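Using the sequences and the hints given, assemble the complete structure.
Taken in sequence, the protein lines are chains A and B. Numbered according to our numbering, the first sequence spans residues 1 to 159. Numbered according to our numbering, the second sequence spans residues 1001 to 1270.
Honestly, the hints are just simulated from the structure, not real lab data. Treat the hints with care, as some may be off.
Straight-line alpha carbon distances no greater than 27 angstroms define the calculated BS3-like cross-link-like pairs of lysine-lysine that follow [said to hold, decoys possible]:
#1 B/Lys1079 with B/Lys1054
#2 A/Lys117 with B/Lys1135
#3 A/Lys117 with B/Lys1079
Just the calculated beta-carbon pair ranges, DEER-fashion [stated by the list, open to error]:
#4 B/Gly1178 with A/Arg41: 21 to 29 angstroms
#5 A/Asn144 with B/Asp1066: 55 to 63 angstroms
#6 A/Glu146 with B/Leu1057: 39 to 47 angstroms
#7 A/Thr128 with B/Gly1139: 32 to 40 angstroms
Here the structure is a predicted model, which means the values were calculated and not measured. We put the beta carbon where it would ideally sit given N, CA and C, even for glycine.
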Amino acid sequence: MPDPYTPSVVVVDDEEMVATAVRTFLELETSYDIRDFTAPRAALDALSERPADVVVADFMMPDLDGVEFLREVRANWPQTSRILLTGYADVQNAIRAINEVGLYYYLEKPWDNEHLKLVVRNGVERSTLVNELDARISALEDANQELMDARERLIKMFL
Amino acid sequence: MSDDGVSTDVAADGTLASAVNADRLATLGMLMAGIAHEINTPLGALASNHDVVKRSLARLHDILADDVVDEHELGEVRKIVRALNGTLRVNDLAVERVLELVGSLRSFGGPDRAEVDRADVTEGIETALTLLRHKLGSGIRVVRDFEDLPPIECFPVEVNQLFMNLLLNAVQAIEGHGDGTGTISVRARRRGGGVLVEIRDTGPGIGPELRERIFEPGFTTKGARMGMGLGLLITRQIVERHGGTIEVDSAPGEGARFSVFLPPTLPRTS
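This is the structure we're talking about:
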C-alpha cells in the first residue's frame, strides 16, 4: 500500500561529499524524499517551495552558518525538526544552537549511520505529531469559534 | 654565508636552515588539530559509504537467496544501484581531498631538503592555503589573482615556509580583529624575469611605529599563545637568502599588504 504522505528531509553541508553521503544513506534506508544542498541559501529557497519534516545542517558554512540557517528555518517553518551535524565538538556552539534555535538533536561528525537514521526517523515522527497537534488545535479553535457564534446568536434571539 | 651584497644580516645558511626547520615544525604543530579535522571530513564520508556498501550487499544477498527476483525486489535492486552510484561520487571527492592534503603535507612538512630547484611559487601558495583551510574556516575569504608565472630558482621548502608565514600572519590579523571575518587577497605577477607576490589582509593594519619592528626577533602583537614572534624575521631572512625584497604597506584600520619580490635566480655565493 503506497503511503499517501512521503516525509521529506533536507540535508545541507557545504562539503558535497558529506551532503551526498548523508543523502545516499538515507535514500537507501528510508522511503523519505531526501534533498541535499551545499549552499544554505539554496536550501532555504527549496524549503520555501516545499517545506520539510526534518532539516540536517552542518555548522561551519560560508554565507550562513548552521545556527543562523536553522534560526531561519525555525522562523519560517517552526514544525520542522532541526538537527545540527557538526565536526566541531564545541560545547559553546552546542549550547548556542540549543538555546537559540530550539535544536531537536546535536550530532557530531563522524556520524554513525544507524544513529543518524534513528534521529531522523524520530525527527520525522516529532514533526508529524506537531503537525497533527496543530491540525487538532486548529479544529478545536474552529469548533470553539462555532460555539461562540452559536452562543452569540442564542443571546441575540433571547434579547 | 651570503656575501652577494644583497643583505648583511642574513644568518649563515646552516643557521637559517635550522631556523626555517624549527619554524616549519612549529607551524605544523599549530595547524595539526585543523589538519586532523580536514582529514576527518573525507574519512567520515568514506566510513558512511563503507556502511552503505555493506548494507547494499546484505540486501542483494537476501534478494538473490531464492534465485527469483520479483517486481518488488526489482525496485529494491534499482534503489541499491542508485545508492552505490552515490557512494562512487563521494569516494572520488573524499579520496581527492585526502590526496591533496597528503600532497601538501609532504611538500610542506616532508624531510628537510635544502636543495635548489626551479619551482612555480603559486604551488607553494596553494600548499599553504590547503593546510590553512581549516583556519580560514567560513569567515575568511581568499581571492586569488595569479598570472602564469615562470619557475624560479629557489629553495622550495623555504619558499613554502615564506608564504605559509605571510598567509598565517594574514589569517591571525583577521581572526583577532572585529568579528573575525575578512578577506585575504593574493596577487602574483611576473616582474623582471622573477615574481612579485602581494598578500593583502583586511585585519587591523600596522601603525608606522610598529612597521619597522615587525621583522625584529621576538616581536609579536599576538601574545605568547600564537608563537615565538620569529615568523616574520625568518620570512625576511628567507627572502634575503633568495636575493629578493619584502615590503609592508599598511596603515591602522586599513589592513596590511606584504609584497615579496623573488628574482629568477639565486644570488651567486662564494
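Hints, verified against the model:
no. : hint                                        : in the structure
1   : B/Lys1079 with B/Lys1054                    : 14 angstroms, holds
2   : A/Lys117 with B/Lys1135                     : 31 angstroms, violated
3   : A/Lys117 with B/Lys1079                     : 17 angstroms, holds
4   : B/Gly1178 with A/Arg41: 21 to 29 angstroms  : 23 angstroms, holds
5   : A/Asn144 with B/Asp1066: 55 to 63 angstroms : 58 angstroms, holds
6   : A/Glu146 with B/Leu1057: 39 to 47 angstroms : 58 angstroms, violated
7   : A/Thr128 with B/Gly1139: 32 to 40 angstroms : 37 angstroms, holds
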